[in-house]
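Assemble chain Z onto chain A, guided by the hints.
Protein chains: 2
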Amino acid sequence: MAPKNIKILYFDARGRGEISRLVLAAAGQKFEDVRFTRETWPAEKPNTPFGQLPVLEIDGKRYAQSVAISTYLAREFGFYGKTNLDGLQIDQVIQLGVDFWNAATKYFMESDAKKKEELLKNLKDVETSKYLTFFEKLLKDNKTGYFVGSGLTLADLFVYDLIYFLKKQNMLPSQGFPSLQELYNKVVSNNNIKAYLAQRKETEN
Amino acid sequence: MAPKNIKILYFDARGRGEISRLVLAAAGQKFEDVRFTRETWPAEKPNTPFGQLPVLEIDGKRYAQSVAISTYLAREFGFYGKTNLDGLQIDQVIQLGVDFWNAATKYFMESDAKKKEELLKNLKDVETSKYLTFFEKLLKDNKTGYFVGSGLTLADLFVYDLIYFLKKQNMLPSQGFPSLQELYNKVVSNNNIKAYLAQRKETEN
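Chains as they are written, first to last, in full-length UniProt numbering: chain A, 1 to 205; chain Z, 1 to 205.
One should not assume that every hint holds.
In this list, chains with the same sequence are indistinguishable; a pair is considered to hold if it fits within one copy or across any two.
[As the list claims (entries may be wrong)] Pairs of lysine-lysine, DSS-like flavour, derived with a Cα cap of 27 angstroms:
no., residue 1, residue 2
1, LYS124, LYS106
2, LYS114, LYS61
3, LYS4, LYS82
4, LYS143, LYS61
5, LYS130, LYS106
6, LYS45, LYS106
7, LYS115, LYS7
8, LYS106, LYS61
9, LYS137, LYS7
10, LYS45, LYS124
11, LYS130, LYS143
12, LYS45, LYS121
13, LYS140, LYS186
14, LYS124, LYS140
15, LYS143, LYS45
16, LYS114, LYS4
17, LYS140, LYS7
18, LYS140, LYS45
19, LYS61, LYS137
20, LYS4, LYS130
21, LYS7, LYS124
22, LYS201, LYS4
Keep in mind that the hints were calculated from the coordinates and are not lab data.
Chain A on its own, in the form it takes in the complex (with noise of 0.2 angstroms):
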């Protein structure tokens, strides 16, 4: 593949905008991080094609949408399984871990101050442990240590971030679930993410 000048184009957040970041560190592949703050996103707005970030830029040309962005990096770059049913098993988790964001998102966006406290009590007790109990469940069943096929995969990649941002919120249950545990272990000692995560500057979401 010839190289290619990658730009990843989101908010100064990990959100939805981490996994293709993500993506892109464990191939070793550089790339520009351009992050937008609330004073300089307005006026890229309209440079974007839906008006969302992320955005990424392949040789001049954007294209939106975190998952497909993240998925067509992750074919890119061998992070996709090898065969198309391994596709469909990545895609799984990956569908899964959107639902659970969603969850998330409404939480985030309640500007409700009572609602939000019910909002946050149904994604502590309920979501988490509903979602986290399905991946644990995937990743048991595959016996490798990754969620699919013998190797690291976007699906990995994707909860591992997820798990951060449970452990960073203090909504991570301290047992429970010890094949995501050591999956996470086992990302986070991948070379070429350690390098990216020392370097990584650190934000509230």
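This is chain Z only, laid out in the frame that chain A set:
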């Protein structure tokens, strides 16, 4: 590819299951169209991967998540373009469509009458034209009458299904989206799709 024993499990509706049925129909691939009712679903729920429908069953093995399974079927049956970049552009359309479905689902799930009315107004006056404008532009820019490349893909089937929904709900603007109207006509004129639609059970959603 060896012939497979394929089942699509979903409710007695189009909803998030129809896109997988449409891909199989376009491929001329036989499949078992299993439909659950409010009465029969609870007994089946524990036998599904995540307690959700749709589910794809291939040779006895079950997979879930609508986008994951329809994308798998599209790859398997040649409706996912030719290049990795085609795949990105197809996924971009699908993910935009998912954003629209999420907005529509919010309306359908709302039980408070006043809020439901507001959500419907927003869906009709804001969301629908926003997404149709994005789709119209993508389609027009590609210049082939299809969303990606020069033949039918998952993206065309997905947006056809979305337009069918809008028509049925009387939410489709009567003019202003000529490329989308052409695409709709092209999809329903496809021989395999035509044969499928001629025998499809009509449902509300």
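Just pull the numbers of the violated hints for me, sorted ascending. Of the numbered hints given earlier, those the structure breaks are 2, 7, 8, 16, 20, 21, listed in rising order.
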